[in-house]
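Undergrad: All chains should be modelled from the sequences, with the hints used to inform the complete structure.
Chain by chain, the residues run as shown.
Number of protein chains: 2
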Amino acid sequence: MEERKISSAVIKRLPRYMRFLSDLKLEGVEHISSADLSRRMKVTASQIRQDLNHFGGFGQQGYGYNVSYLLAEISRILGLDSPHDMVVIGCGNLGRALAGYTRFETRGLFIRAMFDIAPPVDHVRDIPVFPMRELEGYLRTHACDIAILTIPKEAAHDTAHRLYACGIRAFLNFAHLDLALPDDAFVENVHLSDSLMQLTYRLKESGSTASGNGSGDSRGN
Amino acid sequence: MEERKISSAVIKRLPRYMRFLSDLKLEGVEHISSADLSRRMKVTASQIRQDLNHFGGFGQQGYGYNVSYLLAEISRILGLDSPHDMVVIGCGNLGRALAGYTRFETRGLFIRAMFDIAPPVDHVRDIPVFPMRELEGYLRTHACDIAILTIPKEAAHDTAHRLYACGIRAFLNFAHLDLALPDDAFVENVHLSDSLMQLTYRLKESGSTASGNGSGDSRGN
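Chains W and V, in that order, are what the protein sequence lines are. Position 71 of the first sequence, counting from 1, maps to 71 under my numbering, and the rest follow consecutively. Position 7 of the second sequence, counting from 1, maps to 7 under my numbering, and the rest follow consecutively.
It is possible that some hints are incorrect.
To be verified - Pairs of lysine-lysine, DSSO-like flavour, derived with a Cα cap of 27 Å:
| # | chain 1 | residue 1 | chain 2 | residue 2 |
| --- | --- | --- | --- | --- |
| 1 | V | K42 | V | K25 |
| 2 | W | K25 | V | K153 |
| 3 | V | K12 | W | K153 |
| 4 | W | K12 | W | K42 |
| 5 | W | K42 | V | K25 |
| 6 | V | K12 | V | K42 |
| 7 | V | K42 | W | K12 |
| 8 | W | K25 | W | K42 |
| 9 | W | K25 | W | K12 |
| 10 | V | K12 | V | K25 |
| 11 | W | K153 | V | K25 |
| 12 | V | K25 | W | K12 |
| 13 | W | K42 | V | K42 |
| 14 | W | K153 | V | K42 |
Source of the hints: derived by calculation from the structure; they are not laboratory data. Remember, it's a predicted structure, so these values are computed and weren't measured experimentally.
TA: Printed below as a string of structure tokens:
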């Protein structure tokens with residue numbers, strides 16, 4: 001299998017290819033050239049060819065890429081060819097927002113249950129909400145492989161370890177800390193204030209903050 | 001100014017330094033060596049020295065880094081030495097979750113107002129929620145520099161352009177599309193399904209999906 005050699009930079013770009021290819025499929029487009037895809041995605045055609053050649057180079061001279069085939073291949077590489085069951089820990093506004101996203105399900109990613117120290121509701125859509133003390137019992141009878149943590153920083157470490165002990169190895173973490181878990185656990189962090197700081201940096205560099213009126217003044221520097 | 005030369009990779013790492021340094025400051029630690037910071041952050045000491053040397057190398061032989069000074073410097077570089085006013089577009093669960101985060105405010109990032117086509121509530125905490133038709137009027141009298149978009153894909157493009165026309169140049173985008181905005185606009189995307197796909201990829205690679213029972217079976221491959 002060639003797949004082992006795909007760099008993590010390429011893997012990070014694959015979901016974006018999926019998004020564009022899914023839209024193309026919805027529009028009824030069956031084939032697309034790297035040049036056309038390049039225009040849509042605002043990525044160079046050579047980058048696209050390089051990325052997609054990593055897993056077989058299915059571009060055909062004169063036809064371009066077969067959209068459905070490429071989508072299926074990328075799905076398979078990303079492990080989306082079989083469904084994944086997920087639990088959400090925390091039933092606050094963020095947890096409920098996630099439970100409301102039906103888009104995950106179109107990719108075979110299903111939120112099966114939510115847990116909260118004090119469940120504010122019984123269900124979100126058709127997803128049951130259980131008290132935290134039932135976590136281990138639930139996971140013994142319902143194999144899940146991804147946990148989404150929407151709980152405060154203070155509770156995140158212990159909760160992640162309980163989930164790990166139940167066999168969960170993949171974590172989408174919104175808590176504002178780095179989870180220290182054994183090496184066979186995978187963590188994707190969503191640190192929103194980090195993203196905001198990238199924006200404040202770029203506003204500052206460009207001199208276009210509202211308070212600075214774009215004058216590039218150097219107050220405080 | 002040396003700052004212009006800092007690579008975006010280093011800038012992306014700075015919020016994490018801030019988080020660890022803030023915790024150290026709370027613990028009353030005044031100085032820290034690159035070796036100690038390395039152990040805490042699980043980054044090599046040489047990486048830390050390299051990163052922090054980019055903006056002046058304030059590490060003193062025998063004393064290590066001055067925590068408060070370093071925090072202030074990183075804050076300044078990230079544009080956090082003056083406050084930023086933000087608006088949230090969309091008052092669903094996600095918008096409300098964001099409006100509830102008081103942590104942003106400790107960094108000088110203030111959500112001043114929320115907008116929704118049909119405001120479900122008047123306020124979230126002390127943050128007013130206005131109908132979308134009042135967006136332009138509000139921004140004329142309240143200079144804001146960051147917009148957080150928690151609205152469906154279909155509405156995101158038009159809304160982003162309305163915000164741009166009002167002078168907003170920085171966008172934190174949760175909508176599942178790439179915003180096409182002029183080059184002087186900065187966009188940070190939070191695409192949660194992309195993050196989930198990084199996890200499904202790694203589960204597949206390691207053979208540890210719940211359905212696969214860690215047996216590394218090759219069904220469907």
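Undergrad: Kindly indicate which numbered hints from before are broken by the structure, ordering the numbers from low to high.
TA: 5, 12 and 13
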